[in-house]
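As they're listed, the protein sequences go chains A and B. Residue numbers 1 to 206, in our numbering, belong to the letters of the first sequence in order. Residue numbers 1001 to 1266, in our numbering, belong to the letters of the second sequence in order.
It is worth saying that the hints were derived from the structure and are not from the lab. No residue lacks a Cβ here, since even glycine has one placed at the ideal position from N, Cα and C. One thing to keep in mind: the hints can contain errors.
[As the list claims (entries may be wrong)] Where chain B lies over chain A, by a calculated footprint (3+ residues, C-beta under 8 angstroms):
#1 15 to 21
#2 61 to 72
#3 81 to 90
#4 118 to 130
#5 156 to 170
[As the list claims (entries may be wrong)] Over the 10 angstroms line for every Cβ pair with chain B, so calculated as not near, a few chain A residues:
#6 P7
#7 R11
#8 Q150
#9 R153
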Amino acid sequence: MLGHEFPEVLRRAALGDGAAFATLWRDTHPPLLRYLWVAAGDAAEDLASEVWLEVARRIDRFRGGEPEFRGWLFTLARRKLIDRHRYEARRPETPIADTAPLDRPASNDTVAAALEDISTEAALALIATLPRDQAEIVVLRVVVGLDAPQVARVVGKSPGAVRIAAHRGLRTLAARLGDVGMAPPAARELPTYRRVMAPDPGGVTL
Amino acid sequence: MRAFSGSLAEMFFRRHPAGRSSPEEAMAERLLAGRGAGPGAPSGHQAVERVLAAAARPATRRELSGEAAAVTAFLRAARANEARARHGRHGRRPAARRPAYKLPAVTAALMMVMFLAIGGTAAAGALPGPLQRLAHTTFGAPAPADSGRPPADGNPRDGHGTVNPATTASRPATTGAESTAPTAGDGNAQGQQEPTSAPAATASTTKTSGGQGDGNSQGNGNSQGGGTGHGKKSGQGIPPTPGPDPTPTPASPTGSVQTANAGRQG
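The shape of chain A in the complex, shown without the other chains:
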């Protein structure tokens, strides 16, 4: 985080100062790359380049502080992700071998790797084993440092839904860590939810 330097850095970058842009890039590119890696795998580098190109084109029109800038950056990234997913859905690649299990990290291997040295890559690989929406939200909260309302704006959900998805993701992580020999997290130690019935809609019969 640049803190109080951010407004001046942003102003100079908007005027085309390469050094100011480099400062912004060094601060926000690593979390951006990690977010895209968790969400899109090997396409992360290409997507990150597209995002920064979009930032370079539009940075002179951006108004706001550092949290807003991060929110804007990751909103652009998420749009690129959605575009890529749509493109892949329209043009599915036919694998010549059974590579589907390699698309996403296997949970057992990544958990073991994470527990051995807990490198950044291993931790991200473990997070990437979560369902995609939960993995995105956990990374946006933990790696990028956005709070629940900011994440909600980026992913287009309510803050409550973001909290619930993040808690579910952590619970799943804890369960997987417990499977490989760590002290198994009992269900009572992680967020538990009580299921309640929806209010009676008033006798509506479908």
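Given chain A's structure and the hints, the job is docking chain B onto it.
Quick look at chain B alone, frame taken from chain A:
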């Protein structure tokens, strides 16, 4: 029915009563915020904390290896933005000037269209009565056909202070062909009508006024140079002879021919 304002997930997973989050939720929020599970936390929480802390470590050298390429791309995009802005300014400048020289041309064209439209309508005698009368007195358009009262004798365009032949036609039209004597207006009208008078109006007046209208039409005919023969024919009741047929002038062929026909009917 009471509407539920939360999401579907919130409908099934409610927070603890009184707005308090459960200890598990509080622990999850601590982990997500990077504050750690704290001493004495269950080992499962500590394992999750270690994984999340590893994911949020500072940037590696590999992650920052693309800085030079990113800055180069940024500078290229900034130059493109600047060039686009410059082109935008150049492009807007003529656009801002365009109305300056287009406005007079458009105005002139509109005025020309209006002039032609009004003039054409006036020449056809289709303007409302007062406007048609104004057009008649201004540039010699046909007088309004339904003008109940004749205009003042001193028509400035006539210059003779005589009765306007076009308006006198309405009076004898009531008598029709019964009267064959030429009216006094006949003589006056001869040679008084300016050649600029619209011949169509003269012809129509002559047609509708029957036998006596011929006398009026003579004025028009005279103005075209062919009215003298008519005057003799209709005014004296002499059957039409082939000899003195008026020769249509190029200026108003229709008016002369109709005048001749009317003279034959008389």
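Hint check:
{"no.": "1", "hint": "15 to 21", "result": "holds (count 3)"}
{"no.": "2", "hint": "61 to 72", "result": "violated (count 0)"}
{"no.": "3", "hint": "81 to 90", "result": "violated (count 0)"}
{"no.": "4", "hint": "118 to 130", "result": "holds (count 8)"}
{"no.": "5", "hint": "156 to 170", "result": "holds (count 10)"}
{"no.": "6", "hint": "P7", "result": "19 angstroms, holds"}
{"no.": "7", "hint": "R11", "result": "14 angstroms, holds"}
{"no.": "8", "hint": "Q150", "result": "12 angstroms, holds"}
{"no.": "9", "hint": "R153", "result": "15 angstroms, holds"}
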